[in-house]
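Please put together the full structure from these sequences, using the hints given.
Protein chains: 2
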Amino acid sequence: MSIETQTQHLFLRAALNLPVERPPVWIMRQAGRILPQYRALRAHFPDFKAFVKTPEAASEATLQPVDELGVDAAIIFSDILVIPEAMGLDYEMVESKGPRFPKVIEHAADIAALDAGQIAADRLEYVYEALRVTKKALDGRVPLIGFAGAPWTILAYMLEGGGSKTFSKARRFLYTEPVLAHILLQKITDTTIAYLKGQVAAGADLLQLFDSWAGELPPAQYRMFAVPYLAQICAAIPEVPKTVFAKGAWFALEDLAEVPCQIIGLDWNTTPAFARARVGSDKVLQGNLDPCALYADNSTIELATLEMLRTFGRQHIVNLGHGVYPDTPLEGVRTFVNTVKAFRYDSI
Amino acid sequence: MSIETQTQHLFLRAALNLPVERPPVWIMRQAGRILPQYRALRAHFPDFKAFVKTPEAASEATLQPVDELGVDAAIIFSDILVIPEAMGLDYEMVESKGPRFPKVIEHAADIAALDAGQIAADRLEYVYEALRVTKKALDGRVPLIGFAGAPWTILAYMLEGGGSKTFSKARRFLYTEPVLAHILLQKITDTTIAYLKGQVAAGADLLQLFDSWAGELPPAQYRMFAVPYLAQICAAIPEVPKTVFAKGAWFALEDLAEVPCQIIGLDWNTTPAFARARVGSDKVLQGNLDPCALYADNSTIELATLEMLRTFGRQHIVNLGHGVYPDTPLEGVRTFVNTVKAFRYDSI
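Going down the list, the sequences are from chains A and B. At position 294 of the first sequence (counting the first as 1) the number is 294 in our numbering, and the numbers step up by one without a gap. Take the position in the second sequence, starting the count at 1, then add 1000; the result is the number in our numbering.
Quick caveat, the hints were computed from the structure, so don't treat them as lab data. Because the structure is a prediction, the values reported are computed rather than measured. C-beta atoms are modelled at their ideal positions from N, C-alpha and C, and glycine is treated no differently. Be aware that a few hints might be false.
[Claimed, not checked] List of simulated lysine-lysine pairs, BS3-like, C-alpha gap at most 27 Å:
#1 A/Lys165 <-> B/Lys1097
#2 B/Lys1097 <-> B/Lys1136
#3 B/Lys1097 <-> A/Lys97
#4 A/Lys49 <-> B/Lys1136
#5 A/Lys197 <-> A/Lys97
#6 A/Lys97 <-> A/Lys136
#7 A/Lys341 <-> A/Lys165
#8 B/Lys1197 <-> A/Lys169
#9 B/Lys1169 <-> A/Lys97
[As the list claims (entries may be wrong)] Negatives, chain A to chain B, calculated, CB over 10 Å:
#10 Ala43
#11 Ile119
#12 Thr270
#13 Glu302
In structure tokens:
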């Protein structure tokens, strides 16, 4: 698909701030457990990581929501934790509990022992292959999104060894070992840049950075330990539009305005008016219906979706304010997508 | 202790917006695992709930941080989950995991079966007795804080059956069963009012409402399902100053400005300038050092504390932005408290 054809896609036109008749819609975690065909596919892989590492399977999971829901973009099925693994910090995915790292980062020597940059990114050939297979199968129907975790979020997993209620181990590290924290963040950043360049070479049309634990940091720390690395990554990959989704980082929107990305993702706490006043007029906003709204009846979902469309106005890519929850009724998801697809800006 | 004597206490003068030479300081979860004497006392009670229900033990835990750290207020040692239990929904405290409710609220009949108001609050005599014993032992040294969970947070526990990563069961209930949600919130509110009146009668000098899961709701839902109940509770108890700590509810500060409380608690994400611009000039602000700062060395803690004091200015009660973490070094806690106690407004 040439650049020219690509930019005719609604999703990429919206991402580049070109005129569109309606906002595009996709859903974080659309490739996943909400779809029966995903659950059937997943049943063949008792091990989640084996699934992620099988390009044909990852590609099939990526295509399913495009076929089933008619979303305006595909997002490659993978996990943000492939980066720590590629750097030498292995993890297990514990069913219904989440990731667990048998070994965590504690000392300077642990950080020194990590690989970084191209040598680590080269271990992620299975993701590039999944992107190539998917790109071919999509045959230009919709653009393909690549992604990675943001450096602060990856550091948090590396220090905590999994999810956490407070992330106090990772957060305390920024106070007690600020120099080591910066060294580790730079190694993660170098790896992420090489990885995302590989994704673009393999066919990703847009890249999203997920800063899932952004909301855990005080504003001054987010400015110091997160924003500069997001900016480095975005600046290093001028070839495609970039989205930064920093969940809970309402307090950092002025800082994110300076990051050379085109799109800012919003969680369901942050109103578009609040965000727009802080990120300026150039950025496109992505989001942000509460994923719990999709448990309601169809007319409630439709009203909530239309209200969201009204408050965002133009320069909007529709999504939920967080990944869709695995037990969301498929009918609710369809109502959400179809309400957006039936909407036209000139009707308001 | 007469009203006249009470208002001579630094903490109550600050709470009532009267002139003070420095801000008072206390710490959420100060009565707890950071103190070796608490851990020794706790060792006598394998069952957490038996501990909470023994007034002499709860009182001793309440007094320990006053003696050991020299904080400017005591807060009664108890748990916000005594309310669901008193309403007929029992819970267990699972060591190092948190609370678990064997039975949760699912249907209208479950809500109808709950007791509410005075009949439920009367079951909390053990808390009132702990307050009376503590008040006597304090002998006017520092004021005594009573507390309860905010109705939305209590509803969340009643529906989830414990903590949760997403609180999606509780949140979806607001979309799918809004009328039942309001009925349940009103029953919790009625019980909380009777309970807090009982706490004041037993000697509480100030009351704090903890809305721990406030940040999980979209702004419109927080306005609908949380704020009116906070307002009801505060309006029903004019006798003492009230603090509302709605963690993560930065988006609701304009709404909280209308709640008849004197003090608004801030988490570590929210700067005092942001909050002050939204709550107006009357409220006192409480908070908000990142609890993780207390893991740092003493000079880092001192600098961070002084920076916080500078940014808040007057109308400030010092605290952390969240409960102190159980493994925080006692020396860090002392440095925090002593830095505040050595500070004088006229020195800046």
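Hint consistency between lysine 197 of chain A and lysine 97 of chain A [alpha-carbon to alpha-carbon, up to 27 Å]: Given that 27 Å is the threshold and the Cα spacing comes to 31 Å, the pair is violated.
Lysine 1097 of chain B paired with lysine 1136 of chain B [C-alpha distance capped at 27 Å]: 34 Å, violated
Between lysine 165 of chain A and lysine 1097 of chain B, does the CA-CA distance stay at or below 27 Å? 11 Å, holds
Can we confirm that no CB of chain B comes within 10 Å of the CB of alanine 43 of chain A? 24 Å, holds
Holds or violated: is the Cβ of glutamate 302 of chain A farther than 10 Å from all Cβ atoms of chain B? Given that every Cβ of chain B is farther than 10 Å from that of glutamate 302 of chain A, nearest at about 13 Å, it holds.
Could you check that no beta carbon of chain B comes within 10 Å of the beta carbon of threonine 270 of chain A? Since the minimum Cβ distance to chain B is about 7 Å, threonine 270 of chain A lies within 10 Å and the statement is violated.
Isoleucine 119 of chain A clear of chain B by more than 10 Å, beta carbon to beta carbon? 33 Å, holds
Restraint check for lysine 97 of chain A with lysine 136 of chain A, where alpha carbons must lie at most 27 Å apart: Given that 27 Å is the threshold and the Cα spacing comes to 34 Å, the pair is violated.
Would the hint linking lysine 1169 of chain B and lysine 97 of chain A be met if the CA-CA limit is 27 Å? 17 Å, holds
When you check the alpha-carbon spacing of lysine 1097 of chain B and lysine 97 of chain A, does it fall within 27 Å? 14 Å, holds
Keeping to a limit of 27 Å between CA atoms, is the pair of lysine 341 of chain A and lysine 165 of chain A held or broken? Violated, at roughly 37 Å.
Is the straight-line distance between the alpha-carbon of lysine 1197 of chain B and that of lysine 169 of chain A 27 Å or less? 40 Å, violated
Checked against the numbered hints given earlier, this structure breaks hints 2, 4, 5, 6, 7, 8 and 12; the rest are met.
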